[in-house]
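*Asks:* Take the sequences, apply the hints, and build the full model.
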Amino acid sequence: MAPKAKSSAIVTRPATRELISTGPKEIQKHHAKREQGQFTRKPTTERALVLRNGKYGSQGTGELIMVSKMTGREKMDLLAEDLVEKATKSLLTPFRMELCIKLAESQLGATLDDITNLKDTDFFYTTIEAEIKSRDAQDKRKPADIFKNPSYAAQVVSDRIHNAYMLGSAWKIIVDTIYALQEGGLADESVILTLRRESDLRSQYLALYDLVNILVDLSQRKFSLLATTTPHYAKYFKESTSETGEKSFFFDWQETRQACYSFLDSIIVELCFPEAPYPKAILYQILHDAVAESPKEAKRFPQALWDAVGDLSVAVQLQQILETPLLSPDGKEWKNEPRRMPPQYEQWLDAQLSSELASEKYANFKDLIFPLNHTKKPDVLQTMWKTVNANYKVASGKDIDALWGLTDVLNPTPHWHAYGVLPRGGNDDDDDGGPPVPSKKKKPLAITFGDDSDGSMPELQDVSDSDETDEWTEPGEEDDDDDDGGDSDAESGYDTDQEDEIRELLREAMDAAAEVNMHERPDVSEPDSLLEARKGNPFLKLLGSLRGRMFSKSSKLKTATGSKIPPQASKTSKTTATATANKPKGGVTIEEVSDEDDVSQIKKKKKKKPKKKKKPTATTAEGVTPATDTATPPPPSPAPAASPPPAAKVESKPKTTPLPAQPKTVSPPAKPKVATAASQSTASFIPLETVTIAQSARSYLQSEQLDVPKAKTKTRSAQPSIFSSAKGLFGKMGIGKEVQQDAKADKKQRRAWFGNLSKKTRTYMHQILNTAEDETKGTAGMKWESFVKVLTDMGFTYDPTTAGSSVRFDPPDSRDHPITFHKPHPDSTIDRIMLKKFSKRLREHYGWSPDDIMIADN
Numbered sequence: 002m003a004p005k006a007k008s009s010a011i012v013t014r015p016a017t018r019e020l021i022s023t024g025p026k027e028i029q030k031h032h033a034k035r036e037q038g039q040f041t042r043k044p045t046t047e048r049a050l051v052l053r054n055g056k057y058g059s060q061g062t063g064e065l066i067m068v069s070k071m072t073g074r075e076k077m078d079l080l081a082e083d084l085v086e087k088a089t090k091s092l093l094t095p096f097r098m099e100l101c102i103k104l105a106e107s108q109l110g111a112t113l114d115d116i117t118n119l120k121d122t123d124f125f126y127t128t129i130e131a132e133i134k135s136r137d138a139q140d141k142r143k144p145a146d147i148f149k150n151p152s153y154a155a156q157v158v159s160d161r162i163h164n165a166y167m168l169g170s171a172w173k174i175i176v177d178t179i180y181a182l183q184e185g186g187l188a189d190e191s192v193i194l195t196l197r198r199e200s201d202l203r204s205q206y207l208a209l210y211d212l213v214n215i216l217v218d219l220s221q222r223k224f225s226l227l228a229t230t231t232p233h234y235a236k237y238f239k240e241s242t243s244e245t246g247e248k249s250f251f252f253d254w255q256e257t258r259q260a261c262y263s264f265l266d267s268i269i270v271e272l273c274f275p276e277a278p279y280p281k282a283i284l285y286q287i288l289h290d291a292v293a294e295s296p297k298e299a300k301r302f303p304q305a306l307w308d309a310v311g312d313l314s315v316a317v318q319l320q321q322i323l324e325t326p327l328l329s330p331d332g333k334e335w336k337n338e339p340r341r342m343p344p345q346y347e348q349w350l351d352a353q354l355s356s357e358l359a360s361e362k363y364a365n366f367k368d369l370i371f372p373l374n375h376t377k378k379p380d381v382l383q384t385m386w387k388t389v390n391a392n393y394k395v396a397s398g399k400d401i402d403a404l405w406g407l408t409d410v411l412n413p414t415p416h417w418h419a420y421g422v423l424p425r426g427g428n429d430d431d432d433d434g435g436p437p438v439p440s441k442k443k444k445p446l447a448i449t450f451g452d453d454s455d456g457s458m459p460e461l462q463d464v465s466d467s468d469e470t471d472e473w474t475e476p477g478e479e480d481d482d483d484d485d486g487g488d489s490d491a492e493s494g495y496d497t498d499q500e501d502e503i504r505e506l507l508r509e510a511m512d513a514a515a516e517v518n519m520h521e522r523p524d525v526s527e528p529d530s531l532l533e534a535r536k537g538n539p540f541l542k543l544l545g546s547l548r549g550r551m552f553s554k555s556s557k558l559k560t561a562t563g564s565k566i567p568p569q570a571s572k573t574s575k576t577t578a579t580a581t582a583n584k585p586k587g588g589v590t591i592e593e594v595s596d597e598d599d600v601s602q603i604k605k606k607k608k609k610k611p612k613k614k615k616k617p618t619a620t621t622a623e624g625v626t627p628a629t630d631t632a633t634p635p636p637p638s639p640a641p642a643a644s645p646p647p648a649a650k651v652e653s654k655p656k657t658t659p660l661p662a663q664p665k666t667v668s669p670p671a672k673p674k675v676a677t678a679a680s681q682s683t684a685s686f687i688p689l690e691t692v693t694i695a696q697s698a699r700s701y702l703q704s705e706q707l708d709v710p711k712a713k714t715k716t717r718s719a720q721p722s723i724f725s726s727a728k729g730l731f732g733k734m735g736i737g738k739e740v741q742q743d744a745k746a747d748k749k750q751r752r753a754w755f756g757n758l759s760k761k762t763r764t765y766m767h768q769i770l771n772t773a774e775d776e777t778k779g780t781a782g783m784k785w786e787s788f789v790k791v792l793t794d795m796g797f798t799y800d801p802t803t804a805g806s807s808v809r810f811d812p813p814d815s816r817d818h819p820i821t822f823h824k825p826h827p828d829s830t831i832d833r834i835m836l837k838k839f840s841k842r843l844r845e846h847y848g849w850s851p852d853d854i855m856i857a858d859n
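Note that the numbering used here has the sequence shown beginning at 2, numbered continuously upward.
No wet-lab data here; the hints were simulated from the structure.
For glycine and all other residues, C-beta sits at the position ideal for the given N, C-alpha and C.
Keep in mind that a hint or two might mislead.
Per label pair, the in silico range of CB-to-CB distance [claimed, not checked]:
(1) G779 - T388: 29 to 39 angstroms
(2) H233 - P523: 26 to 36 angstroms
(3) D814 - K248: 42 to 52 angstroms
*Replies:* Written out as structure tokens, the structure reads:
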């Protein structure tokens, strides 16, 4: 009785009522299970429930009602089918030429930098080490002995070199073709009208679309092979050997139940196998949404697999942009039109065959690089590359750079045109070096009214921002995902009736799989007896989708023998003069093309003098071979001669013009003698008086340039930087070096550029460029947020919304090429080796040097 009297006395106190009026009245409980009636689902789950109830529900379209829980596979199917249906009714991704150029150039730069890293002693060992680890599933029960096999290590090196050059050459062809289309008049607003009017331009556009499709398939295969060695996803793949001895991977139908449970796993399995029922762009959109709402689920992706996801995402994005004009009524007919692939593509196919033969001769250097840490010595790595080039010369007659057409683009000239615009950053010395991070403090619990107390011990409350889902989960997974904070894409808590339903559906699917051959594709001519049963059974739907789909186990990339490209047309493209010069008549084979080139060169050598006046014309009166065919027998990939950024287009000028007939290509003193006859020898172009006249002209011209406000372009003899490199013809001829006397003005520009950065940003810049004032001395890493902050302060813009780790940074000046970096994953800290790679790429692309940032601090 005494406690009751004491309790009533406390309740009657009026002073406590003023302290209870604030705070939320309802506290959301996130204990073991979600309370009945509380809808705390993820956005994708809510949308999937609405779609399912609108499709199969009995209480009206679009009503959100509680039915049995859905599997991850069913959720993916509902979302994918809805997006496919919306794609036919809504506006698609518009065609943007500038975005196509940015995507292609950034990927080209990334692949070329990958090749240069394989030639660098600082990065070769770490690159190959990561490649070997990513190819073999790690077994913690026994030590890894894969590094003790010299033949296997050499094979990995050989295949890695082949894949890097193959992808780099493909991206180079894509970049050159996009610039050729832009020069041909293809614009964003009139893309369909231009393709309808210009048949040659349309044929070139379709060839570009076909090549991008091939590149998407290659990137998908690279991603699939990495998924087979990932600890989490390796269980879904089973190896099979054909009668010819070729090894392939197919889906292990014994893991059907686990593959159906997880929403994220269902997406990855569909992306790994070719011929998916949904477009790759749709699957990537769903993957992006799944990772965005459950970021901790992405931790199951290792760095190599997440990088492959990013590279494939960029290729799919470019494919989607190019496909937009082809979805018009005219575009559907254009896809079926016959067209001829460009000569660069034919050379790319021939390079694959030669590279495949040369890459099999890895035994020539296996003892040289074993053990693998010997490659940290410069002489060992140089000897290995000499052996690799010797293997390629035996197989093709060319070194590896010339075979893939990458000789001139592997060493690009650094360009940075944004020094006239001050970078962002100001003098915010208190900057934390990264974007603002949302606070993770827990919200205070509301104070309840005293009368609501029932005298019992209250339940523990959790106010985390985690979500609950309406999907099944594998029993036993809860213990593994307890630290995920509720971000897991699976959920437990189904009752006995639902468990019985699961067993029945799974048993039905397993019985159906045992009766058929899962390695063979179903016969479409015969009616599907399980079509109706598959609609209500997600396990059957999964097995039916993955039946007969497999991919090769070989890590060496190559294009499929049965191409989906329509047959070749009988007429050639007339977009550029270089491409026209190398194209044969319609209907001939590759061998006939090479034979005709040899014959035409012999004939032109005999008739060299009569044709000296017809050099400006693109074609002759007798045939399609112009006078510019006096080039060497193995020409580089023919690209448009007047395109802006790609460096490969410049090589067509000196190699396709004979020196005696073109005074412009000789030394600068011969330039005033333009009117001399083409048949004269080059020795008559260098008298003493000519040199005197040429020097006085250059001096007069240079003195005139000093009066023009163009003092920004300087030339430094030691090393190119963001303020060096005189542009244009005079810069290539060495004219303009006299401006070095104006060193004070040059230092002012550098100080104004880097001096505008905040003190914190300059500290990070010292670490990135590894200057003498770097406090870490190159031994520490950097947070990804700090690296992004430095680039954004320098004027870059970036879009982090792509799936995977690929992040493209666009410089402030459109004349500079964009650059792509792979974000570290699952830990976002950039280690010192990766930071060193980032620093090398920034210096090689934009010419940033440690001296530039040192000037700002002195």
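*Asks:* Look at each hint and say if it fits the structure.
*Replies:* Okay, the hints, checked on the actual structure:
At roughly 31 angstroms, the beta-carbon separation of G779 and T388 lies within the given 29 to 39 angstroms, and the hint holds. Between H233 and P523 the CB atoms are about 29 angstroms apart, so this pair conforms to the stated range of 26 to 36 angstroms. For D814 paired with K248, a C-beta distance near 49 angstroms keeps the hint of 42 to 52 angstroms intact.
Hint check: no violations occur; every hint is consistent with the structure.
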